[in-house]
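Peer 1: Next come the chains, spelled out residue by residue.
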Amino acid sequence: MGVLQVNNIKKRFFRKRSLLKKQEVWALKGVSFDVRKEIFGFIGPNGAGKTTTIKIILNFIRPDSGKVSILGKSNREISVKKHIGFLPERPYIYNSITGKEYLDFCADVYGIPYYERKKVFLTLLELVDLIGVEEQPISSYSKGMVQRLLFAATLINDPELLILDEPMSGLDPVGRNIIASAMKDLKRRGKAVFYSSHIIQDVERLSDRVAIIVDGEIKLLDTITNIVQKFLKGYVLTVRKVGSNNIEVFKTTPGDFWPFLEKLRSEGYEIISIEPERLSLEEILVSYIQKKRRAD
Amino acid sequence: MNVLPVARLTFKELLKEKSFIGLLTGEVFLLFISKLISNVVAGDTVKVAMDFSLTFFFFTVALYSIFSSIGSTFRDISDKVIYLILSKPIRREDYVLGKFLGIVLAVGLFTFLSFFLVTSGILIMSSLAHLYVPHIVIVERIVVVSIFIFFMGVFLSAFGVLLAVFFTSQILAIFSGIFLFLVGLELSPVKEIVTSSKYVSPLNKLIVQVVYYLFPNFSLFDIKDYAVHLAIHIPLTYFFLVFVYFILYVAAVLAVSTFIFDRREL
Ligand SMILES: Nc1ncnc2c1ncn2[C@@H]1O[C@H](COP(=O)(O)OP(=O)(O)O)[C@@H](O)[C@H]1O
Ligand SMILES: [Mg+2]
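These protein sequences, in sequence, are chains A and B.
Under numbering that gives the first Met the number 0, think of the first position of the first sequence as 0, with each following residue one higher.
Under numbering that gives the first Met the number 0, think of the first position of the second sequence as 0, with each following residue one higher.
For the record, the hints were derived by calculation from the structure and aren't laboratory data.
Even for Gly, the Cβ is constructed at its ideal location relative to N, Cα and C.
Mixed in with the good hints, there may be bad ones.
[Claimed, not checked] Taking CB as the label site, the calculated pair distances span: (1) A:P136 x B:S218: 35 to 43 Å; (2) A:I130 x B:H134: 56 to 64 Å; (3) A:V24 x B:I233: 41 to 49 Å; (4) B:I177 x A:P136: 24 to 32 Å; (5) B:F165 x A:F13: 12 to 20 Å; (6) A:I130 x B:I233: 35 to 43 Å; (7) B:S218 x A:K9: 24 to 32 Å; (8) B:F165 x A:D157: 18 to 26 Å; (9) A:K142 x B:S168: 22 to 30 Å; (10) A:K142 x B:S119: 53 to 61 Å; (11) B:S218 x A:I130: 13 to 21 Å; (12) A:N7 x B:M0: 29 to 37 Å.
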């Protein structure tokens, strides 16, 4: 079931302090998680180790220890890359070539025959709303257009696992929406999507599960539903006295909830609504970051 | 094996780079310079003009090879295009080989177009000179010279790829490339001076000998005299030996590049 398995990866960098002195920095301190056929959000502040993790998954850099497997095989095996799509952080492709020339390169790699290309390219370009600019040099594209083109190109091999590093940053709301719906569509078709983000906005409604990484460590890994439940602050109760038009609002903590309900009933209130009051994912992330700051 | 897609992409990108058309334009400019020099320098004007044109040809291709190979490979790594490439089923050795092949194609086209420019220039210059009848033999010999210039360009490109994957600074890589080229051109005179000197110890002489044979020798590819002076004949074995040297050396440089690139953190 695990499409991507990351097992206790550690990675150390040496930062130059002066000419001779080097400081050892553990960018990853034993990161483990697995991604199933789902949308998996990898969230954390800048410098938390998201990109480093992704670079290790794709074998661009090697971990000091730990293992990564993709579709049951080691990530070092070249054959697994046939089933992967990857969009780097702030992606770039040569300005001088055209969008179609880049798509042609991708089609060459995956051996898509020429007679099929027109149709394949059209579908991809349509998905990211870029029809009509494919023959123009990429230098004439806006940043968002480049990102959309390169995103579309990651889908050319119909990947089983799509890995996106900060796919939403640098995009306008329309662009973000395009990518979000493409991700949901992939999941619907039984594919896995793993993406990183330091902006929480879309994560909550988009992901099935998330892992929060701070300072090279996974602090929390769970489904969105569970996380939000775990971080329940209390309930907001909207009530009124029977027969009265006067609406009143009360807040309770989870511990006080049942006694409070008892009390309301005995006092002759009827309940209009009960809403859980929860920490947003953003607040949860911030609380982890602050915890770390305090520890430093 | 996914070498060809990388080669094709590299080739397309290089042709659209400004340096391609820029250096070709420079080539035309240098032909005019050659003509001007031949007017002021004593000697057979046509031969002098030819000598300079072919020298400029040699150096322009060298410059193009260094800039395109190092520039293109380096840009891939620093601009993160490499991530787009290596996240696909393309091995690192496929990348190095494909990159090299694409550069070779670009250098080949560059040399081919330069050959046309230079040959036309030389034919025009010689037909302008009195009593000079351009002969097909000259063109034939310029073809041979151009093929050697192309080999030199390929040889340099292999080093360019190596330097680009080795250094993390592009300036350093380009300077090393130019240094390598210039030293590799002047090997024989240096060796002659050192080995015939009374003041150099035998050990140092030996070292110089060893370096002489191991260091890439770019002067082997400079056979412009063959076209300038028709009396000169170059034995076939020379062509053959230089070709073998070239193939073995390029293969070794690519193997080392792959070895380094395979271990590089990206
Ligand atoms: N090549 C490198 N050399 C030294 N330090 C690095 C290198 N790459 C990343 N780091 C450090 O590792 C940490 C994690 O970085 P990164 O994975 O890029 O974070 P994120 O993607 O979550 O913003 C940071 O502190 C960063 O400075
Ligand atoms: Mg990052």
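Peer 1: For each hint, tell me whether it holds in the structure or not.
Peer 2: Structure-based check of all given hints:
no. : hint                        : verdict
1   : A:P136 x B:S218: 35 to 43 Å : holds, 40 Å
2   : A:I130 x B:H134: 56 to 64 Å : holds, 58 Å
3   : A:V24 x B:I233: 41 to 49 Å  : violated, 59 Å
4   : B:I177 x A:P136: 24 to 32 Å : holds, 30 Å
5   : B:F165 x A:F13: 12 to 20 Å  : holds, 19 Å
6   : A:I130 x B:I233: 35 to 43 Å : violated, 58 Å
7   : B:S218 x A:K9: 24 to 32 Å   : violated, 51 Å
8   : B:F165 x A:D157: 18 to 26 Å : violated, 37 Å
9   : A:K142 x B:S168: 22 to 30 Å : holds, 27 Å
10  : A:K142 x B:S119: 53 to 61 Å : violated, 44 Å
11  : B:S218 x A:I130: 13 to 21 Å : violated, 55 Å
12  : A:N7 x B:M0: 29 to 37 Å     : holds, 34 Å
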